[in-house]
Amino acid sequence: MILRTLLIAALVAGTLSGIALTAIQQLQVTPLIVEAETYESTTDHAHGSHAADTSSADTDDQRLLLSLLSNILAGIGFSLVVASAITLSSQKGWRKGLLWGAAGFLVFFAAPALGLPPKLPGTAGAPLLDQQLWWISTAAATAVGIALLVFSRPVALKGIGIFVLLIPHIAGAPLPEQAQGLAPEPLLQQFIIASTITNAIFWLLLGLLVGHFLRKLDDTSPK
Amino acid sequence: MNISTTPAAKAENSISSRLTASLTALALGLIILFAVGFVQGANDVIHDAAHDTRHTMVFPCH
Numbered sequence: 001m002i003l004r005t006l007l008i009a010a011l012v013a014g015t016l017s018g019i020a021l022t023a024i025q026q027l028q029v030t031p032l033i034v035e036a037e038t039y040e041s042t043t044d045h046a047h048g049s050h051a052a053d054t055s056s057a058d059t060d061d062q063r064l065l066l067s068l069l070s071n072i073l074a075g076i077g078f079s080l081v082v083a084s085a086i087t088l089s090s091q092k093g094w095r096k097g098l099l100w101g102a103a104g105f106l107v108f109f110a111a112p113a114l115g116l117p118p119k120l121p122g123t124a125g126a127p128l129l130d131q132q133l134w135w136i137s138t139a140a141a142t143a144v145g146i147a148l149l150v151f152s153r154p155v156a157l158k159g160i161g162i163f164v165l166l167i168p169h170i171a172g173a174p175l176p177e178q179a180q181g182l183a184p185e186p187l188l189q190q191f192i193i194a195s196t197i198t199n200a201i202f203w204l205l206l207g208l209l210v211g212h213f214l215r216k217l218d219d220t221s222p223k
Numbered sequence: 224m225n226i227s228t229t230p231a232a233k234a235e236n237s238i239s240s241r242l243t244a245s246l247t248a249l250a251l252g253l254i255i256l257f258a259v260g261f262v263q264g265a266n267d268v269i270h271d272a273a274h275d276t277r278h279t280m281v282f283p284c285h
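Listed in order, the protein sequences are those of chains Z and V. The letter at position 112 of the first sequence is residue 112 when you use the working numbering, and the numbering goes up by one with no holes. The letter at position 32 of the second sequence is residue 255 when you use the working numbering, and the numbering goes up by one with no holes.
It is worth saying that the hints were derived from the structure and are not from the lab. Every residue, glycine too, gets a C-beta built ideally from N, C-alpha and C. The hints are all genuine.
Residues from chain V that face chain Z, not an exhaustive set, calculated with beta carbons under 10 Å:
(1) S240
(2) S245
(3) L246
(4) L249
(5) A250
(6) G252
(7) I255
(8) A258
(9) Q263
(10) D271
(11) H274
(12) R277
(13) V281
(14) C284
(15) H285
Next comes chain Z alone, as it looks inside the complex:
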């Protein structure tokens, strides 16, 4: 019964926050990515199926649909993680959910973004695998660090929590040999701000919804 509640709550909350993410993304973020691709397409950097020269309505529709689908999947994936944490800690309800959403924002966006800032297409980066490994390690360390800091009683453990939070940033993110992007700096700045705001809204909404639906389903399920 508990697992069913978890799955339903994550499915509903994830789908709703994925749809909301898509709406904000279309307004705030995608136009900047598309603009960056116009700089990218003038170089020989091959980049998937959607270069700037494919701007027909059909391609735009397909791009929107694929983004919606992957945003909803990301929403469901993150909701499952948050629902799992909320259930383990018995902190249901939308208010606690907001706090869990804020934690998710720190773990999965803010901490990785400190080392690997939001990148526009065409921005140089270290080898992809190195970046991915650092990203995963940083998210994991941030989750453990925050958990120790918030839930442990002894001061020594809280101190260890802070240390664990800092480890990935002391080690440092993998950097490209030559840091340079094709898109102009103001566009990149705009993109960093837009994606930060977009993720903050997404995460707070996701946490709120997961907390709310976990409690609602728990109240109505047969005991």
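Start from chain Z and add chain V according to the hints.
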């Protein structure tokens, strides 16, 4: 807060069943996130489909 009052309800909400359900959901969630955020796929097909999501959510993309 939803406080379980009967012993039966307490048993159902026992720590071990909560733990099992939570870990199952966590594993499922991480598998989905790995697919959306990290897998490139043959001919980069998954990368291309999830491209804008990855850029928006700071998953390393390139």
